Amino acid sequence: TQLLEQSPQFLSIQEGENLTVYCNSSSVFSSLQWYRQEPGEGPVLLVTVVTGGEVKKLKRLTFQFGDARKDSSLHITAAQPGDTGLYLCAGVKPSGTYKYIFGTGTRLKVLA
Amino acid sequence: GAVVSQHPSWVICKSGTSVKIECRSLDFQATTMFWYRQFPKQSLMLMATSNEGSKATYEQGVEKDKFLINHASLTLSTLTVTSAHPEDSSFYICSAARGRGSTDTQYFGPGTRLTVL
Chain U
22 TQLLEQSPQF LSIQEGENLT VYCNSSSVFS SLQWYRQEPG EGPVLLVTVV TGGEVKKLKR
82 LTFQFGDARK DSSLHITAAQ PGDTGLYLCA GVKPSGTYKY IFGTGTRLKV LA
Chain C
69 GAVVSQHPSW VICKSGTSVK IECRSLDFQA TTMFWYRQFP KQSLMLMATS NEGSKATYEQ
129 GVEKDKFLIN HASLTLSTLT VTSAHPEDSS FYICSAARGR GSTDTQYFGP GTRLTVL
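Residue numbers (the numbering used here), protein chains in the order written: chain U, 22 to 133; chain C, 69 to 185.
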């Protein structure tokens, strides 16, 4: 069962455009991670958010954790071809387990 | 850093044979390691969680006798796919965490692509 839905599934944009990826759930998470994965490689951690309403910035990437800790967003400003990849959110439920529940994924392609 | 390696990076085997995949944490001790599989253009699905020195915990629908997991030390976990069949072909990814808490970040290996002929 996929508890974390990401939207959009696919996104193809021109270099320089802005975009937002959403990660939504009806469940509460104690923390949420964002990863980027290139083809044939493992996911690489971008950020971890743990506090409701938290906003973190990583250069042109802005991550926000929803106030109720049920959703998150990733905003990329002035996208570049190097941002191309599969973006995955992963949440940890506050039920004593430390397992990640991965989102459905958003495949981004930035055209030069 | 927190580097996790996997070996081999890719393997091709005949149907019916067994394949072992290694996952190592290179610069930290991993109390917990996780094994995932990922089909083309899909997200990661957790197969099992292994803690050093104890038996692995498998997710629902994952056959523990087919996917043998051993976490013999704080830096090494192995996944053995026994009697592999073409439907086992997939991208297998491990991750490692220092602790067992909900705030422990998982660091992922580069993955192993298994092709069963």
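Honestly, the hints are just simulated from the structure, not real lab data. In this text the structure is predicted, and so the values were computed from the model without any measurement. Be a bit skeptical, because a hint or two may be false.
[Stated by the list, open to error] Under the rule of at most 20 Å between Cα atoms (straight-line distance), these lysine-lysine pairs were calculated in the PhoX-like manner:
| no. | chain 1 | residue 1 | chain 2 | residue 2 |
| --- | --- | --- | --- | --- |
| 1 | U | 120 | U | 91 |
| 2 | C | 123 | C | 109 |
| 3 | C | 88 | U | 120 |
| 4 | C | 109 | C | 82 |
| 5 | U | 120 | C | 132 |
| 6 | U | 114 | U | 80 |
| 7 | C | 109 | C | 132 |
| 8 | C | 109 | U | 130 |
| 9 | U | 91 | U | 77 |
Hints, one by one, checked against the model:
With a C-alpha separation of about 16 Å, the suggested pair residue 120 of chain U and residue 91 of chain U falls inside the 20 Å cut-off, and the hint holds. Only pairs whose Cα atoms come within 20 Å are accepted, and residue 123 of chain C paired with residue 109 of chain C is rejected, the gap being roughly 31 Å. Note on residue 88 of chain C and residue 120 of chain U: the hinted pairing is violated, with a Cα-Cα distance of about 23 Å set against a maximum of 20 Å. Between the alpha carbons of residue 109 of chain C and residue 82 of chain C the distance comes to roughly 24 Å, so the proposed pair goes past 20 Å and is violated.
Between residue 120 of chain U and residue 132 of chain C the alpha-carbon distance is near 18 Å, which keeps this suggested pair within the 20 Å criterion. Using a Cα cut-off of 20 Å, the hinted pair residue 114 of chain U and residue 80 of chain U is violated, with the two alpha carbons roughly 28 Å apart. Between the alpha carbons of residue 109 of chain C and residue 132 of chain C the distance comes to roughly 25 Å, so the proposed pair goes past 20 Å and is violated. Taking the CA atoms of residue 109 of chain C and residue 130 of chain U, the gap is about 14 Å. The hint holds against a cut of 20 Å.
As the CA atoms of residue 91 of chain U and residue 77 of chain U are separated by approximately 17 Å, the hinted pair is consistent with the 20 Å bound.
In terms of the numbered hints stated before, the structure departs from hints 2, 3, 4, 6 and 7, listed from lowest to highest.
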